[in-house]
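As a plain string of letters, each chain reads:
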Amino acid sequence: MVATTEKEIIDLLIDPVRRREAFSQILEKYQRMLYYHIRRMVIDHDDANDVLQNTFIKAWKGLDNFRGDSALKTWLYRIATNESITFLNAKNKRSFSDVNDLQNDLKHSLSEGRYIQADELQLKLHEAILSLPERQRLVFNMRYYDEMKYEEISEVLGVTTGALKASYHHAVKKIEAIITGVAE
Amino acid sequence: MNTKHNDDELREAPLLSKLRSAEFFQVPGDYFDSLKLELEDKIEDETHLAEGTVLKSLDRQNIFLTPEGYFERFKAQILALTGNARMVSLTAHDQNKKAQSRTIYWLSAAAAVALLCAVVWILPSTRKSDALEVELALLPTEDLIDALDKENVDLHHIVEVADIEASYKGFTESLSDEQIEGLLDGMQIPTHELEGILLEEL
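Those protein sequence lines, which keep their order, are chains A and B.
Per the working numbering, the very first residue in the first sequence carries number 68; after that it's consecutive.
Per the working numbering, the very first residue in the second sequence carries number 85; after that it's consecutive.
Wrong hints could be hidden among the right ones.
Pair ranges (Cβ atoms, derived) [claimed, not checked]: (1) 171(A) x 193(B): 42 to 52 Å; (2) 191(B) x 248(A): 57 to 67 Å; (3) 157(B) x 73(A): 23 to 33 Å; (4) 157(A) x 144(B): 21 to 31 Å; (5) 167(A) x 191(B): 35 to 45 Å; (6) 149(B) x 214(A): 18 to 28 Å; (7) 73(A) x 145(B): 26 to 36 Å; (8) 167(B) x 73(A): 21 to 31 Å.
From chain A, some residues computed to sit far from chain B (all C-beta separations above 12 Å) [said to hold, decoys possible]: (9) 72; (10) 81; (11) 134; (12) 202; (13) 219; (14) 222.
Just so you know, these hints were derived from the structure itself, not from any lab.
From a predicted model like this one, the values you see are computed outputs, not experimental measurements.
Yeah, the Cβ is synthetic: ideal placement off N, Cα and C, and Gly gets one too.
Using the sequences and the hints given, assemble the complete structure.
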């Protein structure tokens, strides 16, 4: 049986014999989604690959802790988000003295890195996104690109939907101002 | 300012006190229930309106590419990793952690071996020297001084000789003077040599 819905996958996860089969389906269903979520945070493909692998390994190790209280998607997003933040913090601590250095490094990866195909305006948009504070960047990406509901983002970040809406609103205004200034 | 205090203040103004209890401004019955939902919708509308023309005109294009066949290989790789009983994490951070754990493990092992060596070799020799001191303490001071006056005599030797002398004394004390004389005559061994033999044998 190929589980198509999240409920079916969770039912398979409960069965120890079919757990690996269920995990394979989780990989199939969520790997792209999580990859791009992570990639938008860490920018570089190799870094995204490392973080994505750790995300799935942690998910596998933590399957016993997943009781289905939250959606599988938001649970995986939460792990991926935490892994991305941990990675960026470690990178900042390891290589830079200032958080702005990390931001500049990410911007450099954006313009010089491999596996990126963007015109000038798209690059400016992503640079503008990188100028947002980390949490606001996460909110913007999940809403703007992944089109997640505020309730889902709230589950991922543990922030109220009201705060998320305000955060997204500010992010949109900031980004709009930056790219409009560039476009003029 | 608490209500009791207000009531006290308004004691001489009963009309004002009565008006205080009545709410002047009224709201529709379900106003407060629907307010939250209305505000959330408004914020959402505002948010969408705030998405200006440039941002709106841009496709939500994914600028990030992956190497060809990346996701196919990735799935196989993760399944292989999770297939092992001991799952391996690939980041340098985790590898460093493992290296640290290995270092701690080997340091602990080395410390355990060092401790074992101390127990096996050093502790007995300490006990031995303690025992030596006890035995030396039992000897008469004069004997010790005499022995130390001789060259190339160490403390172990003094204790050994003392033990032998004690045994020898025990042996000779069990014999009568005649028996000893007879023994010496029969063997034709001078007394000092007999002492030497007894010392060697004992």
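Hint check results:
no. : hint                        : in the structure
1   : 171(A) x 193(B): 42 to 52 Å : 45 Å, holds
2   : 191(B) x 248(A): 57 to 67 Å : 58 Å, holds
3   : 157(B) x 73(A): 23 to 33 Å  : 25 Å, holds
4   : 157(A) x 144(B): 21 to 31 Å : 30 Å, holds
5   : 167(A) x 191(B): 35 to 45 Å : 40 Å, holds
6   : 149(B) x 214(A): 18 to 28 Å : 21 Å, holds
7   : 73(A) x 145(B): 26 to 36 Å  : 28 Å, holds
8   : 167(B) x 73(A): 21 to 31 Å  : 24 Å, holds
9   : 72                          : 20 Å, holds
10  : 81                          : 17 Å, holds
11  : 134                         : 20 Å, holds
12  : 202                         : 17 Å, holds
13  : 219                         : 14 Å, holds
14  : 222                         : 17 Å, holds
Consistency with the previously given hints is maintained throughout, with no hint failing.
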